[in-house]
Amino acid sequence: MTINSFTSVSLSPPMVLWCINKTSRMCHHFEEQSEYSINVLTAEQQDLSRHYAKSGSASLPSASSHISFADDGTPFIQDSATTFFCRIVAKYDGGDHYILLSSVLDYQIGHADAPLVFHRGRYQSIAA
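If you count the sequence shown from 1, position 78 lands on 78 in my numbering, and the numbers rise without skipping.
No wet-lab data here; the hints were simulated from the structure. One or more hints might be untrue.
Calculated pairs, DSS-like style, for lysine-lysine (alpha carbon to alpha carbon, straight line, at most 27 Å) [unchecked claim]: (1) K54 / K91; (2) K54 / K22; (3) K91 / K22.
Could you build all of it, start to finish, from the sequences and the hints given here?
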């Protein structure tokens, strides 16, 4: 799935939060397992963002050429600008969404020049 934002909560220990609609088809995945990855995509990965933003793209094909798996089995997108490996530590009710608070267990930084940016309803680039 594609999320449009996540927020740093703490540096020590490292924590992030993001929200998921309670009616999302992906919601049950975050109730069944607590470990997942957040992938900050590169400007060149716009097609992946669009693909995972579509309704019905809930499943992660294990044979997909852009998906790899960490040693613990957590899927992540190859060649992302940054990947955060997370564990949910709390889930809060937020109206029609759940607020997921997560510990950052590990991260890896890619070699991208520019992250993918979505602003005002469209993909944008950041001037250097």
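Going through the hints against the structure:
1. Distance check on the hinted pair: K54 and K91 sit about 24 Å apart at the alpha-carbon level, within 27 Å; holds.
2. A threshold of 27 Å between alpha carbons decides the hint, and for K54 with K22 the separation of about 16 Å falls inside it, so the pair holds.
3. Under the criterion of a C-alpha separation no larger than 27 Å, the hint pairing K91 with K22 is consistent with the structure, at around 12 Å.
Checked against the numbered hints given earlier, this structure breaks none of them.
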